[in-house]
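Here's the letter readout for the chains.
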Amino acid sequence: MAKLTIDDLKKIKEKVHKEMSLRDGKRRVKITVHMGTCGIASGAKEVMNTLLQEIEAAKVNDVVVTTSGCMGLCSREPLVTVEVLNQDPIKYEYMNPNKMRQVFKKHVLEGEIQTPFVLAKGSEIIK
Amino acid sequence: MKAEDTELLKEFSKEQVKKLNGIIEKFKGKPGGLIPVLEEAQVVLEYLPISVQKKIASGLNLPLSRVYGVVTFYSFFTMTPRGKHTVRVCLGTACYVRGGKAIYEQIKKQFGISEGETTPDRMFTLETVRCLGACGLGPVVVVDEDVHGRVKPGKIKEILSQYN
Amino acid sequence: MKVFRSHLLICGGTGCQASGSPAVKEALLEELEKRKLTEEIKVVETGCNGFCALGPIMVAYPEGVIYISLKATDMPELVEEHLIKGRIVKRLLYKEPGTEKAIPTMQEIPFFAHQELRVLRNRGLIDPEKIEEYIARDGYAGMAKALTEMTPEQIVKEMLDSGLRGRGGAGFPTGLKWKFAAQSKGDVKYVLCNADEGDPGAFMDRSVLEADPHAVLEGMVIAAKAIGSSQGYIYCRAEYPLAIHRLNIAIAQAKEAGLLGKNILGTGFDFDLEIYQGAGAFVCGEETALMTSIEGKRGMPRPRPPFPAVAGLWQKPSILNNVETLANVGQIILRGASWYASIGTEKSKGTKVFALTGDVNNVGLVEVPLGTKLGTIVYDIGGGIPGGKKFKAAQLGGPSGGCIPIQHLNAPVDYETVAELGAIMGSGGLIVMNEDKCAVDMARFFMDFCQDESCGKCTPCREGTKRMLEILTNITQGKGKEGDIELLEEMAVVIKNAALCGLGQTAPNPVLSTIRYFRKEYEEHIRDHKCRAAVCSAMFKSPCQHTCPIGMDIPSYIALIRAERFEDAYKILLQTNPFPSVCGRVCDHKCQSKCRRGNMDEAIAIKFLKRFITDNAVRPKVEAAPVTRKEKIAVIGAGPAGLTAARDLALRGYKVTVFEELPKAGGMLYWGIPSYRLPRNILDNEIDDIRKLGVEIKLKTRVGKDITFAKLQKDFNYIYLATGAHKSQKMGVEGENLKNVFGGVEFLRDFNANEGKWLKGEKTLGKKVAVIGGGNSAIDAARVATRLGADVTILYRRLRQDMPAAEEEIKAAEEEGIKIELLAAPLKIKGTKGKVSSITCQRMALGDFDNSGRKKPVPVEGSAFTLNVDAVIAAIGQSPDMSFIDKKAGIEINKWNCYNVGNVYKSCTNNPKFFAGGDAVTGPDTVIGAIAAGHQAADDIDSAIREANGERPYEKPESEKIDIPLIIDEETTETPQMAMPEMSASKRKKTFAEVELGFKKADAIKEACRCLRCDASI
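Residue numbers (our numbering), protein chains in the order written: chain P, 1 to 127; chain H, 1 to 164; chain V, 1 to 1018.
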């Protein structure tokens, strides 16, 4: 990366906003695995690996997987957020590899939200 | 390899001693370099007996007493060889109130070792720690780098049987 | 082509394979083979169905039945039932998720709704390993502003105006710290970040470093500009490998992007930083010790002054800020001081992150405005205490802090209030403790921590903590002495004043704070060797026995059940309890709340096992006890307290006469508890045993009327007043005196006295009945009314979880069709022709917390509603009826209308001839409480007599030796408590026959095997 200037900061902001909003046509779903120490300790790594295997096996290329830190609700870890284009993000709690497979197949591929595993939809509001 | 390393070679491999020399070299002359040297040395050598401390003292040009003082002050450092796996039971408050003590007792009973000791087969070293910051999952047992959360006394055997 | 009558499709997808489908398939094939069905049934392995979490899955055609979560061991049953008998195996069936439950939004979840994210604003949203994502959320914009538009003075002023105080513990204003360092002369200055988060129970810094490391870096650059520094260090615990990993990535990325290092953002400002790994010493969280540690020495504190702002790391001016503090800085600079100061309290601005842990449902990190009520954090955000347990205290500030008990749930959490209450904000570890935590043990735990972590440099801390720990350890082991508490207090003051650094100065805080709020627990440990939380195990055999008010030997009788020695078990019961078959039915079983098995799965069904013994063993024969003593004793009231005392005294050789006003003995056991919970013959048998000892029970004899006080005093040497609490409290509403408005206990008493008339309909409540109250007598009255054919609604002013009645009773009432109207309180009762016709109630809303830790109901204006009812039963509480007392006896009655006791002996009234106990002293309490009071009174009366006669104290004769088998299982597998078989709700609401049917032998033995034998000492 070249050394940044203040203008660059603004440009990066705009560019990432575009990318994160899933609107450039190539990306339909963004899946965030929350990987803080607590998430990893309760099995987020296995969940992540399972997800990557499933994506590979399903040969889809419109799904982006990313990691993020702790959501704050450690007692419900592992947590995974699934955001389908133009829909509210859905947060799944107490995930494990099998639940991840099911969420991937039913929700990500077929659009059917797996309500028994859902914690909530939407995002936290930052005032 | 220098003559002063002969003592070290009784306990450690050539490879290890070479790495130790490298670490000392890296931090030589750097203010406050002692603790990072000890940290990295312990990663390579697993423990820091007097022979290693002597080597580090002379390498960093510090009195041995200073090195010994630091090694014994910080709980991270150990002067005795350790088991292949380190089992650390969290006895921080959150784990304590959620039954960490019972877990600790269970492991002590199962292996017949107490804190800081290593099983005769050098498989496990038992330690207690003060809060690993994984309070959300208490009680917590850490084996090497793996954090096991929501542990119950009945599950100890199962968890430790994964390590061999 | 071969035709099969059925196809079984087993899922062979990865998920099902992982959960064991190959083994299921193998077992299935084996079973088919065994049953010779291979020609008829075809097994096919299919691809994934998508129900991976329910795997292994099998679909059976032609029916298309889906079976889930199969195990190899299910196969014989499945083949037998489904394939041979053609019956569907219901327990393995896939259930369609019920009506699509609405998914809540994050704002509808209280855990998230009450939070105000500033420090944690990026949590869960950005990838911490991608600097672009941080930048996209205005990252480094505050730094850019500080570097290009602001002078150091302006930055310092902004920080001062924001009111931000150090989030590491002491709460020193951050701006002021920076101002001092900025004013210090020197070419080299350091900016240090304290990431040595050592307080047990605090993990917000770890989380910030892991989830948003750049926020800390940005804060450090701004600080550097403010004080004129070009070098910084982050001192991070080695125990946080992921945090260090992500910090390293963040630093590397920032350096590469020119956001750290030389000429940041092309502004000409230089700042570089390094991570320094701590090697595990709690004291290094102290600022001077941390600096000594970075210098490569033993991390010992040094005296201040000079303050670090003047001479810090390597004697250069330095500032040390905590992770959370620094993570606030970028936002403050970008959005301005007034934005930041817009929330919080007058002296504590902004938000604070708390690590909420311990006995709370939602464990995690919460960020709230300073000044948020403690109760809001624990109950609304934290979701309350798991397992229906009671909140005891919140420990704030770790080993340097203190606890805030239940009566302060309304306290706003800010620096000042927390300090006033004897805790400190600290780094924000908030550990919730329930009633199962011992205050003394907690203090010992923290003192042990401080003693262990004391660096040893100064004597007060090194020696003082050691001495205090010794005293605390002694107290928890039952070796405490009178004066220990005072000694602890004295030493605490000395250490606080004389220790060199923060660790020592604050080390006594947990002790002082627990003494302040839980002095009584310390005293109980020292004087009675009693740990009410059943934690200090050196003082008892098993937690259940220690918790039982009469110390029943629970592990022994459970072990005897396991050994099928039921008669011996019965003997054990009777050693301490004259009413075991009563307690086996209606005890509130405090023992079970402390059962250690409950930490694993569920508590042992101690109450049901006790009942099993009394139902299934022959009751040991009772012989009359010879009267060996000349003193005569009268007991007034034939309830559990009076009869227990009578039995004990008879066994000690006294002649005892019991006077009872009502026509049947048993007190509340007979007159208050309905027979579907406690059959009459069961109670009568136990009372008969007491008669057989030689105790005379004079029924229908009201003292003060049928026998005068004067005669009583003349005929008897000592009198035990066990008169209970048989008078319902008034609601204080209009219409309370109408016909068909009953008090709860009065109704039950009338019913029990005139059962025939009620059942025949000569007495009636009418069709619709309202019962007011949430306690056990409200539920009893409601269930009796239901059995009389009424349509019953219970009105209660708080929430269901606040109801004092036993949970199983509430559930049983609901099953019987009783409606419970919550948050409703009576306003007035209307009548026609002197009889009830309706009750008007108003809605309540929950306000602040009261001293019991429940939210106070407050009336909602204009919310009145009316129910048409034919009768009202008010069961809102009871008090003793003291109208029989002769004033001349001079017996003191207190403002709760109860006897005052404690004159020399625990149960002696101010008139030494009169002793008292049971509900008439405590107000309405439990059966077991009354039995304990009876034991106490017998002991006290006997002691008083012997003392007066100059005799030696009573020695209990050796009871029969019963050897207790010790079998402990090597392995315990999780199994829930054995359920009590019950009569179905539809059947039982028409009859007064006993609802609970009792354990079968095999069930009882199985349940007894679940006991962990905490009493065993090996």
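Just so you know, these hints were derived from the structure itself, not from any lab.
Among the clues, some could well be false.
Said to hold, decoys possible - Under the rule of at most 27 Å between Cα atoms (straight-line distance), these lysine-lysine pairs were calculated in the DSS-like manner:
hint, chain 1, residue 1, chain 2, residue 2
1, V, Lys389, H, Lys152
2, V, Lys590, V, Lys466
3, V, Lys541, H, Lys28
4, H, Lys101, V, Lys763
5, P, Lys11, V, Lys255
6, H, Lys18, V, Lys297
7, H, Lys155, V, Lys297
8, P, Lys10, V, Lys262
9, V, Lys466, H, Lys152
10, V, Lys297, P, Lys18
11, H, Lys155, V, Lys541
12, V, Lys1006, P, Lys13
13, V, Lys590, P, Lys13
14, H, Lys108, V, Lys466
15, P, Lys26, V, Lys130
16, V, Lys541, H, Lys109
17, P, Lys106, P, Lys59
18, H, Lys54, V, Lys466
19, V, Lys389, H, Lys26
20, H, Lys101, V, Lys389
21, P, Lys15, V, Lys145
22, P, Lys13, V, Lys145
23, V, Lys262, H, Lys26
24, H, Lys152, H, Lys109
25, V, Lys390, H, Lys101
26, H, Lys28, V, Lys262
Keep in mind the model is a prediction, meaning the values are calculated, not measured.
*Given the hinted pair V/Lys390 and H/Lys101, is their alpha-carbon gap at most 27 Å?*
holds (22 Å)
*Regarding the pair V/Lys466 and H/Lys152, is the alpha-carbon distance no greater than 27 Å?*
Measuring from Cα to Cα gives roughly 32 Å; hence the hint is violated.
*Holds or violated: H/Lys54 with V/Lys466, Cα cutoff 27 Å?*
Distance ~33 Å between H/Lys54 and V/Lys466 Cα, so the pair is violated.
*Straight-line Cα separation of P/Lys13 and V/Lys145 no greater than 27 Å?*
holds (16 Å)
*Between V/Lys1006 and P/Lys13, is the straight-line Cα distance small enough, at 27 Å or below?*
Roughly 65 Å separates the two Cα atoms, so the pair is violated.
_Just to be careful, I want the Cα atoms of H/Lys28 and V/Lys262 compared with a cutoff of 27 Å; is the pair within it?_
holds (25 Å)
*For the pair we were handed, V/Lys262 and H/Lys26, check the Cα-Cα distance against 27 Å.*
holds (23 Å)
_Check whether the Cα positions of H/Lys18 and V/Lys297 lie no farther apart than 27 Å._
Distance of about 25 Å is within 27 Å: holds.
*asked:* Holds or violated: V/Lys389 and H/Lys152, Cα atoms, limit 27 Å.
replied: holds (20 Å)
*For the pair we were handed, V/Lys541 and H/Lys109, check the Cα-Cα distance against 27 Å.*
Answer holds: V/Lys541 to H/Lys109 is near 19 Å, not above 27 Å.
*Quickly compare the C-alpha distance for P/Lys11 and V/Lys255 to 27 Å and report which way the hint goes.*
Between P/Lys11 and V/Lys255 the Cα gap is close to 19 Å, so the pair holds against 27 Å.
*Does the structure keep P/Lys15 and V/Lys145 at a Cα separation of 27 Å or less?*
holds (21 Å)
Hints 2, 3, 4, 7, 9, 10, 12, 13, 18 and 19, counting from the list given before, are not met by this structure.
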